[in-house]
Amino acid sequence: MKKAALYIALAVLAAACASKETQPDAQVQDKSTGVQPPSQATTSGQTTARPPAQAISGNPLKEGQLASRSVFFDFDSNSVRDEYRGLIQAHSRYMTADKKDSRIRIEGNCDERGSREYNLALGQRRAEAVKKVMTVLGVQDGRIETVSFGEEKPQSMGHDEPSWAKNRRADIKYAGE
Amino acid sequence: MKRLLLLIGFLCVALAAHAQLTIDIPTTSGRQIPIAIAPMAGESSQPQSVSEVIASDLSRSGLFKLVSASGVNPVPTEPSEVNFPDWGGRGAEALVIGKIATQGDGRVEVRFRLFDVQKSSQLASFSYLVAPQQLRATAHRIADVIYEKLTGDKGVFSTKITYVVKRGGRHELQVADADGFNPQSVLASKEPIISPSWSPDGSSLAYVSFDQKKPIVVVQNLAQGTTRIVANFRGNNSAPAWSPDGKSLAVALSKDGLTQIYRIAASGGPATRLTESSGIDTQPAFSPDGKWIAFTSDRGGTPQIYRMPAGGGDPTRLTYEGTYNVGPRFSPDGRYIAFVQREGGRYRIALLELATNQVVTLTDGTLDDSPSFAPNGKMILYEAQVGGRGQLAAVSSDGKVRQRLSSSAGDVQDPAWGPLPTN
Chain A
1 MKKAALYIAL AVLAAACASK ETQPDAQVQD KSTGVQPPSQ ATTSGQTTAR
51 PPAQAISGNP LKEGQLASRS VFFDFDSNSV RDEYRGLIQA HSRYMTADKK
101 DSRIRIEGNC DERGSREYNL ALGQRRAEAV KKVMTVLGVQ DGRIETVSFG
151 EEKPQSMGHD EPSWAKNRRA DIKYAGE
Chain B
1 MKRLLLLIGF LCVALAAHAQ LTIDIPTTSG RQIPIAIAPM AGESSQPQSV
51 SEVIASDLSR SGLFKLVSAS GVNPVPTEPS EVNFPDWGGR GAEALVIGKI
101 ATQGDGRVEV RFRLFDVQKS SQLASFSYLV APQQLRATAH RIADVIYEKL
151 TGDKGVFSTK ITYVVKRGGR HELQVADADG FNPQSVLASK EPIISPSWSP
201 DGSSLAYVSF DQKKPIVVVQ NLAQGTTRIV ANFRGNNSAP AWSPDGKSLA
251 VALSKDGLTQ IYRIAASGGP ATRLTESSGI DTQPAFSPDG KWIAFTSDRG
301 GTPQIYRMPA GGGDPTRLTY EGTYNVGPRF SPDGRYIAFV QREGGRYRIA
351 LLELATNQVV TLTDGTLDDS PSFAPNGKMI LYEAQVGGRG QLAAVSSDGK
401 VRQRLSSSAG DVQDPAWGPL PTN
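Chains A and B are the protein sequences, given in the same order. Letter 127 of the first sequence, counting from 1, is numbered 127 in the numbering used here, and no numbers are missing. Letter 362 of the second sequence, counting from 1, is numbered 362 in the numbering used here, and no numbers are missing.
Simulated from the structure, these hints should not be mistaken for lab results. You may find that some hints are simply not true.
[Stated by the list, open to error] Some chain A residues near chain B, calculated using beta-carbon distances under 8 Å:
hint, residue
1, LYS62
2, ARG85
3, SER115
4, GLN124
5, ILE144
6, GLU145
7, GLU152
[Said to hold, decoys possible] Using 35 Å as the maximum straight-line C-alpha spacing, the simulated DSBU-like pairs for lysine-lysine come out as follows:
hint, chain 1, residue 1, chain 2, residue 2
8, B, LYS213, A, LYS62
9, A, LYS62, A, LYS166
10, A, LYS153, B, LYS65
11, A, LYS153, B, LYS247
12, A, LYS153, B, LYS154
13, A, LYS166, B, LYS190
14, A, LYS153, B, LYS149
15, B, LYS65, B, LYS154
16, B, LYS166, A, LYS62
17, B, LYS255, A, LYS173
18, B, LYS99, B, LYS160
19, B, LYS400, B, LYS160
20, B, LYS119, B, LYS400
21, B, LYS190, A, LYS132
22, B, LYS65, B, LYS149
23, B, LYS99, A, LYS153
24, A, LYS99, B, LYS255
25, A, LYS166, B, LYS99
26, B, LYS213, A, LYS166
27, A, LYS132, B, LYS255
28, A, LYS173, B, LYS213
29, B, LYS190, A, LYS153
30, A, LYS173, B, LYS190
31, A, LYS99, B, LYS213
32, A, LYS132, B, LYS213
33, A, LYS99, B, LYS99
34, B, LYS255, A, LYS100
35, B, LYS213, A, LYS100
[What the hints assert, rightly or not] Label-pair distances were calculated between CB atoms; the ranges are:
hint, chain 1, residue 1, chain 2, residue 2, range
36, B, SER203, A, ARG85, 50 to 58 Å
37, B, ALA223, A, ARG85, 37 to 45 Å
38, A, LYS62, B, ASP398, 56 to 64 Å
39, A, THR96, B, GLN358, 36 to 44 Å
40, B, GLY345, A, ARG85, 29 to 37 Å
Glycine is no exception: its CB is placed at the ideal position from the N, C-alpha and C atoms.
Just chain A, same shape as in the assembly:
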């Protein structure tokens, strides 16, 4: 009986601790949506007036191909697969024709397998690979910074191939987003 009471107490405690831990995360998310460019604020007004299909208009970066930001890679590879050419072309076109003062950061990522620091360099090479395609398409070198999170920021937390495939990617982020 005493033991049971102890377990219950520990469970309550663990739950309390766990909920406490998640709080900083929630704050981070709040912050990142808070610093969205002003265009988002204007969309929110339009959202109610328009049918859902056009609801997201106002910010071209949230529409069509430009809303896609992730280029996924094969294991141990930094070659950009053909299926992502269209996505990269769309962003290059936007940066060279529509928004000539825009700047981006390409963030490379890896799955968890392998050595942490080497993965950081591999993620950076994936980001460089995407950058190279964009510079060939006319985006100036100085407008693209490539960085890597290595295996430190997995999108999927699993330890199997479906999760790993989601984590081997490069994300395009616009300055101010």
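Got chain A; can you put chain B on it based on the hints?
Here is chain B on its own, set in the frame of chain A:
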């Protein structure tokens, strides 16, 4: 209700503070020295049992077998009271006795003696005058003396280790005693912290912070808690490694394209490029004599370990077997390099002997990483993935002793063993 929440909050903090590493009993396949450690006179009234800490240190090394002192009456505390044949009959080859006495000023005097049982002779005798709260540290110093007398190698029980604890979205850089006790959080962040590295004098840690949404290299002074950014160039800044004189760091930067190795003053400033390859060069490590830098490079198609003069220059390839050999770390005597090897999809810690180019695989995990030598070169601390979580483990450099450092705290990653204390 409020009071209950407050209480729960307090208990959470208390739990976190006690989420320390526990070191499992090692498995060993080598010879162990049978040693008896008698309870010390007067230690039961102290906040810390000194003989218990000594016993746990020595047995954790895997090189000693504890011989029971139970039933010995009276327990000897002076040389004249030792019945050597009796201890020999128990199988002990070495014996430790001692006593602890509180002084008038509140400090305690700890005296210990180490004997060779077969020769009935004294091998060491020391006394320490310390504050009661330093008894644990004193026990580690005594264990260091015993270890050195009986094995010929320096003891590392008074050293510290650092590692990163990842729990939920929180990353904590911690420093603890080598036995996992006294974990102190030296940095907490919502962003990842990786690759902590001790300055040669143990006063500072260099690490990679993601606080600025990208990797930058930071040096933190442990006593003062002050931090300075030493590398924040365009792109990635990572993999800090101290030169043996503590004046400069080798780092991996991507400011000129792909990741390459640069040298930078420990106080920051401009970076001098050391490698010129069209591939990735990263994970630099200085040789203990400061003449060489070993590093990972995939200039030849697959990631392999190379070595170049510390000022830059032509690198020599050191590893040839397999398609993935990364993350070199020199042994303290400079004769070996520990690294991460991939074979059949498994990542393990291996050891390369530089004189012979012989490679021995030391671990049998699936995702082992970040090897770090103890300052006496005898053990290698590393990160092992167990059940999808990072945990710390250690293996002796001859592969005979294995140990697991478990934690309930979450993912424990990227360990680094600190230097010998300077005093």
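Evaluated hints:
Here the hint on LYS62 (chain A) is broken, as its CB sits about 21 Å from the closest CB of chain B, past 8 Å. Because the closest C-beta pair between ARG85 (chain A) and chain B is about 22 Å apart, greater than 8 Å, the hint is violated. At a threshold of 8 Å, the smallest CB-CB gap from SER115 (chain A) to chain B is about 5 Å, leaving the interface hint in force. The beta carbon of GLN124 (chain A) is positioned within 8 Å of a beta carbon in chain B (closest approach about 5 Å), and the interface hint is therefore held.
Given the 8 Å rule on beta carbons, the hint for ILE144 (chain A) is violated: about 10 Å separates it from the nearest Cβ of chain B. A least Cβ separation of about 6 Å between GLU145 (chain A) and chain B falls short of the 8 Å threshold, and the interface hint therefore holds. Given hint, GLU152 (chain A) at the interface with chain B, holds; its Cβ is 4 Å from that chain's nearest Cβ, closer than 8 Å. For the hint linking LYS213 (chain B) to LYS62 (chain A), the alpha-carbon distance of about 22 Å falls within 35 Å, and the restraint holds.
This hinted pair checks out: LYS62 (chain A) and LYS166 (chain A) have alpha carbons roughly 21 Å apart, not beyond 35 Å. As the CA atoms of LYS153 (chain A) and LYS65 (chain B) are separated by approximately 44 Å, the hinted pair breaks the 35 Å bound. Distance check on the hinted pair: LYS153 (chain A) and LYS247 (chain B) sit about 32 Å apart at the alpha-carbon level, within 35 Å; holds. At roughly 40 Å between alpha-carbon atoms, LYS153 (chain A) and LYS154 (chain B) are farther apart than 35 Å, so this suggested pair is violated.
Pair hint LYS166 (chain A) plus LYS190 (chain B) holds up; C-alpha atoms about 22 Å apart against a cutoff of 35 Å. For the proposed pair LYS153 (chain A) and LYS149 (chain B), the alpha carbon gap of about 47 Å is over 35 Å, so the pair is violated. Simply put, LYS65 (chain B) and LYS154 (chain B) have alpha-carbon atoms about 19 Å apart, close enough for the 35 Å limit, and the pair holds. Restraint check: the Cα-Cα separation between LYS166 (chain B) and LYS62 (chain A) comes to about 33 Å, which is no more than 35 Å; the hinted pair holds.
Restraint check for LYS255 (chain B) and LYS173 (chain A): satisfied, since their Cα atoms lie roughly 19 Å apart, inside the 35 Å limit. A hinted pair counts as satisfied when its Cα atoms are at most 35 Å apart, and LYS99 (chain B) with LYS160 (chain B) qualifies at roughly 27 Å. About 23 Å separates the Cα atoms of LYS400 (chain B) and LYS160 (chain B), which keeps this hinted pair within 35 Å; it holds. Proximity of LYS119 (chain B) to LYS400 (chain B) is assessed by CA-CA distance (about 29 Å); at most 35 Å being required, the pair is judged to hold.
Between the alpha carbons of LYS190 (chain B) and LYS132 (chain A) the distance comes to roughly 31 Å, so the proposed pair stays at or under 35 Å and holds. With a CA separation close to 16 Å, the supplied pair LYS65 (chain B) and LYS149 (chain B) stays within the 35 Å bound. Between LYS99 (chain B) and LYS153 (chain A), the direct Cα distance comes to roughly 53 Å. Violation of the 35 Å bound is thereby established for this hinted pair. Pair hint LYS99 (chain A) plus LYS255 (chain B) holds up; C-alpha atoms about 25 Å apart against a cutoff of 35 Å.
Distance restraint check for LYS166 (chain A) and LYS99 (chain B): the Cα-Cα separation of roughly 61 Å exceeds the 35 Å cut-off, and the hinted pair is therefore not satisfied. Note on LYS213 (chain B) and LYS166 (chain A): the hinted pairing holds, with a Cα-Cα distance of about 20 Å set against a maximum of 35 Å. For the suggested pair LYS132 (chain A) and LYS255 (chain B), the alpha carbons sit about 15 Å apart, so the restraint of at most 35 Å is met. Pair hint LYS173 (chain A) plus LYS213 (chain B) holds up; C-alpha atoms about 12 Å apart against a cutoff of 35 Å.
At roughly 11 Å between alpha-carbon atoms, LYS190 (chain B) and LYS153 (chain A) fall within 35 Å of each other, so this suggested pair holds. Only pairs whose Cα atoms come within 35 Å are accepted, and LYS173 (chain A) paired with LYS190 (chain B) is accepted, the gap being roughly 20 Å. Taking the CA atoms of LYS99 (chain A) and LYS213 (chain B), the gap is about 24 Å. The hint holds against a cut of 35 Å. Annotation: proposed proximity of LYS132 (chain A) to LYS213 (chain B) holds, straight-line Cα distance about 22 Å (limit 35 Å).
At roughly 79 Å between alpha-carbon atoms, LYS99 (chain A) and LYS99 (chain B) are farther apart than 35 Å, so this suggested pair is violated. Between LYS255 (chain B) and LYS100 (chain A) the alpha-carbon distance is near 23 Å, which keeps this suggested pair within the 35 Å criterion. A C-alpha spacing of about 24 Å is found between LYS213 (chain B) and LYS100 (chain A), which places the hinted pair at or below 35 Å, so the restraint holds. Distance hint check: the CB atoms of SER203 (chain B) and ARG85 (chain A) are about 52 Å apart, consistent with the given range 50 to 58 Å.
Between ALA223 (chain B) and ARG85 (chain A), the C-beta spacing of about 54 Å breaks the proposed range 37 to 45 Å. Between LYS62 (chain A) and ASP398 (chain B) the Cβ separation comes to about 59 Å, which falls inside the hinted range of 56 to 64 Å. Taking the beta carbon of each, THR96 (chain A) and GLN358 (chain B) are about 56 Å apart, not inside 36 to 44 Å as hinted. The supplied range of 29 to 37 Å is met by GLY345 (chain B) and ARG85 (chain A), whose beta-carbon atoms lie about 31 Å from each other.
Of the numbered hints listed earlier, those contradicted by the structure are 1, 2, 5, 10, 12, 14, 23, 25, 33, 37 and 39.
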